[in-house]
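**Student:** Whenever a hint applies, use it, and build me the whole structure from the sequences.
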Amino acid sequence: MGRRETIIRIIREVSKKNVNPDADESLFDSGMLDSFALPDMVSALEKEFSVTIPDSDLNPRKFDSIARIDAYLESRS
Amino acid sequence: MSFIREFGSYLPARVVGNEEMGARVGCDAEWIMNVSGIEERRFAAPEETVVDLALKAAEDCLQRARCEPRELGMVMVASGSAERQFPGPACSVANRLGLNSTPAIDLPMASAGSLFGMSLAARLASAYGNILVLGAEKMSSIILRQPMERGVAILFGDGAGACLVASDKGMARIIDSDIHTDGTFAEDLRLEDGKPLEMNGRSVILQASRKIPRSIDDLLRKHGCEAKDIDVFLMHQANQNLISRVAQALGVSDARFYSNIRRFGNTSSASMLIAAAEWAQQFGFTRGQTACFAGFGAGFNWGALLAQGAV
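Taken in order, these protein sequences are the chains called A and B. Just so you know, our numbering puts 19 at position 19 of the first sequence, and the rest follows in order with no gaps. Just so you know, our numbering puts 252 at position 252 of the second sequence, and the rest follows in order with no gaps.
Simulated from the structure, these hints should not be mistaken for laboratory data. Glycine included, each C-beta is placed from N, C-alpha and C at the ideal position. Where hints are given, some of them may not hold.
[Claimed, not checked] Derived lysine to any residue pairs resembling SDA-like cross-links, with alpha carbons at most 25 Å apart:
1. A:Lys62 to B:Gly73
2. A:Lys17 to B:Gln248
3. A:Lys16 to B:Val35
[Stated by the list, open to error] Every beta carbon over 10 Å from chain A, so not counted as near; a handful from chain B, in silico:
4. Asp28
5. Pro108
6. Ala127
7. Lys169
8. Asp178
9. Asp182
10. Phe185
11. Gly201
12. Arg202
13. Ser203
14. Arg210
15. Lys211
16. Arg245
17. Arg256
18. Gln282
[What the hints assert, rightly or not] Covered stretches of chain A, going by a simulated chain B footprint (3 or more residues, C-beta under 8 Å):
19. 52-59
20. 70-77
**Tutor:** Okay, structure coming up:
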């Protein structure tokens with residue numbers, strides 16, 4: 001499974017919805033995730049991709065879409 | 001060594017329910033409850049000031065402690081909603097308590113101010129004696145400013161809390177505290193002169209939900225205990241969902257977190273002390289019982305404080 005597919009799986013798990021967002025679609029403005037799901041998603045990303053995301057990187061914009069999450073994870077790899 | 005000698009509080013009489021709040025901001029009462037866990041909040045009278053609110057909490061606390069104002073060695077007032085830039089409310093509160101040479105310090109810190117005040121007072125009490133820490137907020141004067149952001153306006157209420165910290169005796173010994181500041185996201189929760197409160201809720205929740213549990217965990221580990229060992233958590237009443245998230249992160253039940261946000265909303269720097277005062281009056285410390293205080297607010301400033309029943 002590719003990274004984007006894994007991100008989508010995490011979004012589905014966190015949102016408890018069988019969503020299929022476009023890569024650039026805002027996960028929050030679209031209502032797929034709410035503010036309180038964001039910490040859960042970040043924790044799941046850390047666990048799944050074995051990265052520790054420092055607080056200074058926790059700008060919600062970096063985690064607003066699949067493309068942005070993918071780009072962030074790429075920058076950390 | 002320092003002690004929590006007493007708590008006190010003051011809540012304005014006017015109750016503003018979600019029906020009224022929803023009508024003001026353009027949403028329904030049920031939505032407010034679902035996103036915040038808040039059912040009602042208090043609004044101060046138009047003529048009431050932050051100083052008035054703080055003074056009433058101070059008087060309540062001193063009366064409960066049977067402590068005369070002249071026995072105070074220092075006064076601290078935390079507020080993010082004071083009416084003027086300077087002087088802050090601390091000097092006026094001290095003056096109205098009849099104190100004209102006792103140092104009175106302002107902590108212009110929204111939400112985390114009373115936690116920082118308690119932490120500082122615990123360290124200063126050995127030098128200054130009794131220190132009265134106050135958190136007082138008139139958030140209604142801010143949240144109704146135009147353009148009104150409904151997601152912000154629904155959260156806040158007015159009130160004041162107090163804690164008397166002493167060096168010699170009290171209901172609980174303050175074991176230690178852990179306070180931090182990180183200005184990386186300072187723009188995400190701010191109040192400019194005369195303007196509406198600006199809050200990036202996602203950023204606040206994301207940072208708070210990680211920083212608060214970490215601070216609590218670090219403090220408890222330093223003293224050889226874990227969250228499950230703590231009898232009660234007295235946290236800044238920001239949002240019921242955030243309180244639940246912090247409990248979840250620490251692996252303890254929500255029931256360990258005393259909560260009154262349903263009735264008073266988020267009273268910013270006053271909320272933790274209002275909650276503590278209510279808890280102390282309903283339950284109170286027993287000998288050996290542990291309480292962990294925690295706060296998070298604009299800055300961002302955050303931290304935790306550990307106390308243990310001494311009576």
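**Student:** Now look at each hint and say whether the structure bears it out.
**Tutor:** These are the hints, each one checked on the structure:
1. A:Lys62 to B:Gly73: It is violated: about 48 Å lies between the C-alpha atoms, which goes past 25 Å.
2. A:Lys17 to B:Gln248: Satisfied, since the Cα-Cα distance of roughly 21 Å is no more than 25 Å.
3. A:Lys16 to B:Val35: holds (18 Å)
4. Asp28: holds (17 Å)
5. Pro108: Label holds. Min Cβ-Cβ 24 Å, cutoff 10 Å.
6. Ala127: Given that every Cβ of chain A is farther than 10 Å from that of Ala127 of chain B, nearest at about 34 Å, it holds.
7. Lys169: Nearest chain A Cβ is 39 Å from Lys169 of chain B, so the label holds.
8. Asp178: holds (15 Å)
9. Asp182: violated (7 Å)
10. Phe185: Phe185 of chain B not clear of chain A: closest Cβ-Cβ about 8 Å, inside 10 Å.
11. Gly201: Given a closest Cβ separation of 5 Å, the condition is violated.
12. Arg202: The claim is violated: Arg202 of chain B sits with its nearest Cβ about 4 Å from chain A, within 10 Å.
13. Ser203: violated (5 Å)
14. Arg210: The claim is violated: Arg210 of chain B sits with its nearest Cβ about 6 Å from chain A, within 10 Å.
15. Lys211: violated (7 Å)
16. Arg245: The assertion about Arg245 of chain B is violated, with a minimum of 6 Å to chain A.
17. Arg256: holds (19 Å)
18. Gln282: Label holds. Min Cβ-Cβ 28 Å, cutoff 10 Å.
19. 52-59: holds (count 4)
20. 70-77: violated (count 0)
Violation of the numbered hints given earlier is confined to hints 1, 9, 10, 11, 12, 13, 14, 15, 16, 20; the remaining hints are satisfied by the structure.
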